[in-house]
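Trainee: The residues making up each chain are set out below.
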Amino acid sequence: MKTSTENLGPLHLFSWIVLFELGSAVVIPIGIDAKQASWIVILLGCGIGIVLMAAVYGSLYRMFPDLSLTGYASRIAGKGVGWTIGFGYLLYFLYIAGRNTRDFGDLLAASSYDVTPVFVINVCIVVAVGYVLHLGIEVFGRTAFIFFVFTGGLFLLILVLVMFSDMADARRMLPVLPDGWQPVRKALYPTNVTFPFGEMIVMAMFFPHLKQRWKPIRIGIWAMLLSAALLCVAAFVNISVLGIEIASRTTFPLFTSLSRLRLAEFVQRMDAVVLLLLIISSFFKIGTFMLAAVLVARDLFRTDNYKTLIFPVGLVVIISSILMAGSLTEHLEEGLTIVPYYLHLPFQFAIPVALLLVGWIRRLGGNVSS
Amino acid sequence: MSAQTRHALAKLSLIVLAFLPLVATIGCWNSREIDKLAIVTALSIDRADSGGFELAFQVVMPGGQPHAGNSKSDTPFTIYGIRSRTLFEGIRKASKQVPRQLFFSHVQVVVLGEKLAKEGIQEVFDFFERSHEVRLTSLLLVARGEEPDKLISTLVPLERLQANAMLGEGILSSQLWSETAVVEIDDVIRKLINPGVEPTISGIKLIGNDKSAGDKKSLEQSRPPFHLEVSDIAMFKDGKLTGWFEGDAARGLLFVTDRIHSTIMNLPCGDLPEGVAMEIIKSKTKKEVSLKDGRLRVNVIVNAEGNIGEVKCGIPLNDLGVLHALEREWENAIRNNIGLAVRKAQQPPTDIFGFGMIIEQNHPKLWKSVESRWDSIFADAEVNVTFHGVIRRTGMRGKSLIKEQSDRQGKGGPL
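Top to bottom, those sequences are chains Y and C.
Sequential numbering of the first sequence, starting at -12, is according to the working numbering.
Sequential numbering of the second sequence, starting at 100, is according to the working numbering.
Please keep in mind that the hints were generated in silico from the structure rather than gathered at the bench.
Hints may be right or wrong, so weigh each one.
Unchecked claim - Below, in silico cross-link-like pairs of lysine to aspartate or glutamate (EDC-like), each with a Cα-Cα straight-line distance of 16 Å or less: (1) Lys467/C x Asp166/Y; (2) Lys202/Y x Asp53/Y; (3) Lys383/C x Asp153/Y; (4) Lys381/C x Glu430/C; (5) Lys464/C x Asp166/Y; (6) Lys385/C x Asp53/Y; (7) Lys249/C x Glu328/C; (8) Lys411/C x Glu503/C; (9) Lys249/C x Asp314/C; (10) Lys391/C x Asp479/C.
Extracted from the complex, chain Y is given alone in its bound form (with noise of 0.2 Å):
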């Protein structure tokens, strides 16, 4: 099934893997296990998803240029099995959202909406994203240009902060690597390869709804290198500002970093600036997962108009954003324990290696065209 290309400029995808990267990571901590190496852990963590960009996603898209995930799934592996595979991409698409629609509540929920209900929070954002995607893939891209700019600009403010007040404390990045290379490691496997370069996964839904004339492929690489520089941007403001010791513990790192920064006596408590970088972000993040997971149904059920598709998704991400679990300890446990292991290796690495493989073995024996 031929999809139609709307007009995304390289821009616009480069905006919208920026900001989806950040979603969440950005106000999460990442590696925050390795202490002062968590910048390493990102790094390793973009190093590994950018490698599994080119080679097996970037692969299957050259392979298939006109066809999506779902669309390749069901050429190589047949119709059933395809199908199948489709199908639990539709199901890990939605709990992602899912997911991060509930991080995205509890967040606000513990930083400042002590009293609104996590399910009002939670509607608002489904309603918004809900909205922009119901205006199709190139409203959605050129909102996140906007919001790029923007967030660029939220950045240079943090780091303006942090050189200028004397909070920071760059010594307290030191030492690099304070417990060796075991905790990198750990923190590495399984959590950090998967998240949140690995997401990149998702992508694969929309590269042939783009124009052909640039390489999506190697936008994506550039913007994953620039979250990375960003995500590790937030790490050492967390760790010079709040100390490895405060930072390692808090749920919500750079909101408390930018409450405990002050330029003169006016220029203070910037943590709102964090809630906007987290809504912005998490709003991106929320979108993709919630517009792939569209776009696999109307694959799957045929469709003609995904649009129709929007409102049941919006729908199921929300209830299970609120009853995938029971507590923030629950839902941050099963992040941790299950969803790496069960969810994210197989359909961010085993899935499509395994398509990738079959697909070559197939071409050598000439039954597949592409």
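Use these hints to put chain C onto chain Y, whose structure you have.
Mentor: Coordinates of chain C only, in the frame set by chain Y:
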């Protein structure tokens, strides 16, 4: 769709549109109007005899604030005291006494009681970290020799808001006098956790007749019978208060930890032991820490600039040799201060200078191997002081009037 239904739909959507702006006026879910809040400006925590906490909240009186001069008959703030097992329990239990909800975002000062400090301060801080309403930037003080609730109920001249007075004294004296430092809650939390450094907190005490401290009448005299004074530095080991730094020792401590902003040091001049007042205008300290054969060697490098502010003897300050001699005296004074501080911290061994943290930052492996024995290594440390001091200016006069006077009388100066 008939014209009628379309008409009804249009009507319906207009009605919906008319109500839509209401959504924007909702505001926060738990909107609390300011006249329903009791704004807490200072908080004191002590250990109750029964084992729990003894809390006191300083709450601003509404309407009594804007003009310091208005002749209100009520006090500018009021104190609520409560006894509880946990901090959070106490805060909510206080609603039995307070007609409004206590609001903690503007806590300026937290005063810890000495009794609590001696038993351990760790358990106090979890609530401060966990709550999103309390800020980690509040100034932390330890009440020396007095119940902390009495200190926060003291009425003070000049500032109607007593918490502002404590904050002002804390900040100003750290900048102008440098025998106390501004210590915020998160600084203490970091040092409690890090095994390579121990926390210090400045003290606050009541000087004078403490009986009238909360009595508004005492403010109606030009000379109130009491004063609040931010002074002395408490050192903690494993969260327990182990001693107080006073005067020169406190200043030595701040020299080592690089927290001197400005201070006045009296240097000997001729036969007057404190004849020259030297103003330090700039001071920067670096530390070189090394561990050789199990012995800790620390080189404290102080770079300072100063001005002469006052001379009580006749020395010719326009003579460069005299200035150099004064710089050497200055060096001795600083060595002496630092020596006092180091000896005080070594008994009982409490690494308030963070020498262990410096080792950890630069040689993490070495630190792992000595961490368990750090107390004895620190107690045995050899601290060297390298001092580079420059006297920049001598004020608006060169030769002092005493020198001029003695010259005219034909007597040589004592130097």
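Trainee: Take the hints in turn and mark each one as holding or not.
Mentor: Checked hints:
{"no.": "1", "hint": "Lys467/C x Asp166/Y", "result": "holds (9 Å)"}
{"no.": "2", "hint": "Lys202/Y x Asp53/Y", "result": "holds (13 Å)"}
{"no.": "3", "hint": "Lys383/C x Asp153/Y", "result": "holds (15 Å)"}
{"no.": "4", "hint": "Lys381/C x Glu430/C", "result": "holds (15 Å)"}
{"no.": "5", "hint": "Lys464/C x Asp166/Y", "result": "holds (8 Å)"}
{"no.": "6", "hint": "Lys385/C x Asp53/Y", "result": "violated (63 Å)"}
{"no.": "7", "hint": "Lys249/C x Glu328/C", "result": "holds (13 Å)"}
{"no.": "8", "hint": "Lys411/C x Glu503/C", "result": "holds (12 Å)"}
{"no.": "9", "hint": "Lys249/C x Asp314/C", "result": "holds (12 Å)"}
{"no.": "10", "hint": "Lys391/C x Asp479/C", "result": "holds (12 Å)"}
Violated hint: 6 only; the structure is consistent with all others.
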